[in-house]
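**Student:** Put together the whole structure using the sequences plus the hints.
Protein chains in written order, with the working numbering: chain A, 2 to 137; chain B, 42 to 324.
It is worth saying that the hints were derived from the structure and are not from the lab.
All C-beta atoms, glycine included, are put in the ideal place defined by N, C-alpha and C.
Careful, some of the hints might be misleading.
Stated by the list, open to error - Simulated restraints, written as ranges between beta carbons of each label pair:
no., chain 1, residue 1, chain 2, residue 2, range
1, B, Ser198, A, Gly130, 22 to 30 Å
2, A, Pro29, B, Lys144, 55 to 63 Å
3, B, Asp76, A, Ser113, 19 to 27 Å
4, B, Gly180, A, Pro44, 39 to 47 Å
5, A, Asp23, B, Ser198, 55 to 63 Å
6, A, Pro29, B, Thr308, 22 to 30 Å
7, B, Gly88, A, Asn97, 32 to 40 Å
8, A, Asn97, B, Gly132, 32 to 40 Å
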Amino acid sequence: MKRFIFLMLAGLPFNTFAHTLDGVLDTPVSTVNYYYVDCGSDPDTVSLYFHIVNNSAVGAPLVSAQVIKGNYVGNFTDPINGDAGWSRDQVIPGGNGLYSVLVDKNGSGIVSYEFEAHCYDSLGEHTDGEEILPIN
Amino acid sequence: MNKIVQKLALLFIVLNTLESAFALDSGTQNLTNEDGATDYFKITCAGNTDHLNFQLVEGTTSISTTGTPAPLPQVLNATLTKLKLTSQTSGIAAGTNKNVTLKGGDGAYTLALDTFGTNLTLKTAQTYTIQYQCLNTVGKATVGTSILGKSGVASISKTLANSKTVKYLINCAKDKTNGNTDSLKITVTNKTAVAKTAVTSAASTIPVSSGNLAAQVIKGHVAMNTIGEVLNVHDDQSGGNGYYSVMVNSPTNKVQSYHFQYSCLNTSNLEEKTSPFQILQNQ
Chain A
2 MKRFIFLMLA
12 GLPFNTFAHT
22 LDGVLDTPVS
32 TVNYYYVDCG
42 SDPDTVSLYF
52 HIVNNSAVGA
62 PLVSAQVIKG
72 NYVGNFTDPI
82 NGDAGWSRDQ
92 VIPGGNGLYS
102 VLVDKNGSGI
112 VSYEFEAHCY
122 DSLGEHTDGE
132 EILPIN
Chain B
42 MNKIVQKLAL
52 LFIVLNTLES
62 AFALDSGTQN
72 LTNEDGATDY
82 FKITCAGNTD
92 HLNFQLVEGT
102 TSISTTGTPA
112 PLPQVLNATL
122 TKLKLTSQTS
132 GIAAGTNKNV
142 TLKGGDGAYT
152 LALDTFGTNL
162 TLKTAQTYTI
172 QYQCLNTVGK
182 ATVGTSILGK
192 SGVASISKTL
202 ANSKTVKYLI
212 NCAKDKTNGN
222 TDSLKITVTN
232 KTAVAKTAVT
242 SAASTIPVSS
252 GNLAAQVIKG
262 HVAMNTIGEV
272 LNVHDDQSGG
282 NGYYSVMVNS
292 PTNKVQSYHF
302 QYSCLNTSNL
312 EEKTSPFQIL
322 QNQ
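**Tutor:** So this is what it looks like as structure tokens:
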């Protein structure tokens, strides 16, 4: 409960126990929203499914996400703001553990976004946990 | 007396200014138009680093105004021979070391060092040390002698100019306890200072960005994004020393050439120990 209240007060996204997360990036280009997606081991996670959508109006900067696991990084950009389309999606075969997710943009301005992350086992079923943890 | 103090103070200020105006340059890197392509690098800072100064530059044009970029390192190559047996290692870059081993038994070995393939724009001679060890079949030391000094101990620092070769003789012999020599192992450490590129100060640099290229830098729990602006990445929790992760990607999936400049700085913006970057992913 304390964590929930803290995150609310801090203005950070707080739906940390879901498969999707809504967020807002502040104006400076340098701003990055940084998360961990924690994929559990019961059963063992084989891969993380990920994509992102930019919910801002046309003319706003493009929103990108980088997903990092070990020495692998994938970039995801929603090419058109404000429509129903998402970025490319990808299954990242990174196994159990923490996947780092950065969300950023290619210009100044406030933008809103939503990303979806699912930890899957070898049968394509969700694994345990699947927490999305705000880091900064 | 006052004049001397004033001159010393002025000299100190000038030296500080010069030192803080240096950074390492990645040299030209290329990003493909593959969807989601990202280049991934690791930069290591040591000493009393407080933060990493980082700038991404689109294209191949250097932002240097007072020096020539030095994307290629200075390198040493080592060749170990004994009769018709040869073993070699190459590209020992400044700030790194490599081993070379030759199974030649007891007797005289020749170690040749050269600087071929080095960046000829860098005129300073390279500095290195050599450590040798004669070993039996199970890795125990046998008797080794050389002008380089004691076996198993790094030699004193030596220098070698561009396009030059130097040879050393090392003799391996039977040890009373560990028996005959099986192989000779050499470690060459290139102690040459990593080439620095003079750059304009952050305040006077005008970033030029099309929005087609972006970079992210992570240190601990801190992450920052740039499309050309200078970043100073500072992590209160884990401090300035250690690994910085750098990612470069294109939001528009364009083929892009770029380079970046980086420097590990202390709280006074003076350069600390900045190691050459490592490539973790090249797309």
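**Student:** Against this structure, judge whether each hint is valid.
**Tutor:** Checked hints:
A C-beta distance of roughly 53 Å is found between Ser198(B) and Gly130(A), which places it outside the suggested range of 22 to 30 Å. A hinted range of 55 to 63 Å for the beta carbons of Pro29(A) and Lys144(B) is consistent with their spacing of about 60 Å. The given range of 19 to 27 Å is respected by Asp76(B) and Ser113(A), whose C-beta atoms sit roughly 23 Å from each other. The beta-carbon spacing between Gly180(B) and Pro44(A), approximately 43 Å, falls within the hinted interval of 39 to 47 Å.
Separated by about 58 Å at the C-beta atoms, Asp23(A) and Ser198(B) satisfy the suggested range of 55 to 63 Å. The beta-carbon spacing between Pro29(A) and Thr308(B), approximately 23 Å, falls within the hinted interval of 22 to 30 Å. Separation of Gly88(B) from Asn97(A) is about 36 Å and conforms to the stated range, judged on CB atoms against 32 to 40 Å. The hinted range of 32 to 40 Å is satisfied by Asn97(A) and Gly132(B), whose Cβ atoms lie roughly 37 Å apart.
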